[in-house]
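Visitor: The hints should help you fit chain E onto chain D, whose structure is shown.
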Amino acid sequence: MDTQHVPYERAFIFSAAIRIFHWLRALAILVLVVTGFYIAWPFLVAPSSSDVLVQGWIRFAHLVFGFLLCAITLARAYLFFFSKSDIERRSFKDVTNVNSWITQLKSYLWMGHLDKKGVYGPLQFVTYFAISVIAALICITGLVLYANVYHLGLGGMLWDSAAWLTAQMGGLAQVRLWHHYFTWVFIIFVVVHVYMAVWTGIRFKHNSVDSIVSGYDYHPKKH
Amino acid sequence: MDTHAALYQQGQARLAKLRSLKPRHVDSLKDKMKQHGISRRDFMKWSAAVTSMLALPLPFSTLVAEAAELADRVPLIWLHMAECTGCSESLVRADTPNLDTLIFDHVSLEYHETLMAASGWQAEENLEHAMEAYKGNYLLTVEGAIPTANNGAFLTVGCKGHTGLDIVKHAADGAAAIISVGTCAAFGGVQAAAPNPTGAKGVAEVVNKTVINLGGCPPSEKNIVGTLMYFIMFGKLPALDMFNRPKWAYGARVHDNCERRGRFDAGEFVETFGDHGAKEGYCLYKVGCKGPYTYNNCPTERFNHHTSWPVLAGHGCMGCSEPNFWDDMADFEKPLGRQLLHGLDATADTIGAVILGATAIGIGAHAVASVFAKSEES
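Chains D and E are the protein sequences, given in the same order. Take the first sequence: its position 127, counting from 1, is numbered 127 in the numbering used here, and each next residue is one higher. The number in the numbering used here is simply the position in the second sequence, starting from 1, with 223 added.
Don't take each hint at face value.
Restraint ranges, calculated between C-beta atoms of paired labels, are given here [as the list claims (entries may be wrong)]:
1. GLY155/D with ASN527/E: 33 to 41 angstroms
2. GLU428/E with VAL45/D: 42 to 50 angstroms
3. HIS528/E with TRP41/D: 31 to 39 angstroms
4. TRP41/D with LEU535/E: 18 to 26 angstroms
5. THR530/E with VAL190/D: 45 to 53 angstroms
Since the hints were made in silico from the structure, they are not lab data. A virtual CB, placed ideally from N, CA and C, is assigned to each residue, including glycine.
In isolation and in its complexed conformation, chain D is listed as follows (with noise of 0.2 angstroms):
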């Protein structure tokens, strides 16, 4: 039988590197956010014995992936700047285009297409960096509270940083708050993150949600 055949072309965008990264980010944000809620609210009922350290497990599920979280964050934003393709730099000549800010805004309002000059597009490439400078936020905050939680190594390293940003802050409360607050930027985010990147694919037939599990992006070809 005679199909109509859509040619089809491939391009990689994604590194390795991008891609361990966004899921191992996207793992700790889900199991941090899962047990920040737990901390801040216990829910679950004591064991019969007091050995087994419920808060403790939970507590240390959260430093352990705060600690990926914080690691993350800084080799990124490293590979941001230094990695060899420059895929992510370039978006950044979007940004300062005020044409470009309309052409993306027009397509997400089903007008025109997308054209960008790198992966990502000016509105896209602003949210990712705010997210990223909330994401450092939430770690510096979380480091405070953790140097009152452990009081060697890591935790006795930081004390002094600590203890100023707590005063900066007006107190210990006020520094579990905001954490609090930047958990929820992350909630929405993901939400809204989740949804464009499924609708983009759907809508202009680019940079599907698979290009960030294969590191390729499938689109039409252009003629």
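Guide: The following block gives chain E in isolation, referenced to the frame of chain D:
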């Protein structure tokens, strides 16, 4: 020379200088102890306890004992601002007079509105005289917040009608050191709670000198006397933390030294007051304990002659020694994440729900419209 040896010599030099001054009282501390039935042995035990509380090595206990005897050489001016006198009460209303209260009695107290016999013009004269006679040498302790709105008119003290703001600024000018006793003097306390119509502030915010903050509503008598002893002994300020509180008293969180900490880590929580967990002494976090955000030595020093403290009595810490505690720590019987009445979190939660709701509506609208819009490239 190591730091402890240097500090010891500094203390000795300071005490030698104090010894050459004229004592204010006729009775020596030894006489007073005898009158109150406190033995020499009790005194030495107290000196050792204060030494360890100040995180000094044991040989310093002889310095502490000597400093206690010489306390009547250090002029102390104690001012009352916008406050409830609870901090003074914490110190002087012990059920049996012990050495802490006795030291406070023995120190050369030049002016204290609750304790002095003088009143009216005479009291005012005492204050002015003390500030003039001991200029640059007296220790100033302030109890209560300083109202600053309307140029401080919300608080006027004494027959001359000076504002508290004026009195504190004037007294601070000639002080050798300034101690804010209690959360109000340190951070504004309940007077500074929103909406703070009187513009109440802590002493440190209205004077240009370093102020030692002794947070607490009230601070324990140990922390007040310990700070006095440190100043008498060394003539300088102790090591201070991020909010200028002495590290020896406010160096660790209540949570860290709490006797119920094991219950916290094990996940054993009191769910409501009076339940099984409450009777078993479970952790009070879920009924609003603010120990995790509060720096103080309550679990180790306790109150009223080491008798008890809030958590031992079955109620969570309410963070009374922290800045802005009245606003930040309320509700006192709910964790920070569960404030319903005044809560910042509750507000954040409402905002979160509104934003998420708007997001869901936006996404829904966009998705529905996408179904009808033609795909761009097919």
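Visitor: Could you run down the list of hints and mark each one as holding or not?
Guide: Comparing the hints with the structure gives:
1. GLY155/D with ASN527/E: 33 to 41 angstroms: Check passed, 34 angstroms falls within 33 to 41 angstroms.
2. GLU428/E with VAL45/D: 42 to 50 angstroms: Hint holds: Cβ distance 46 angstroms, inside 42 to 50 angstroms.
3. HIS528/E with TRP41/D: 31 to 39 angstroms: holds, 37 angstroms
4. TRP41/D with LEU535/E: 18 to 26 angstroms: At 25 angstroms between Cβs, range holds.
5. THR530/E with VAL190/D: 45 to 53 angstroms: Taking Cβ atoms as reference, THR530/E and VAL190/D lie about 51 angstroms apart, which means the hint holds.
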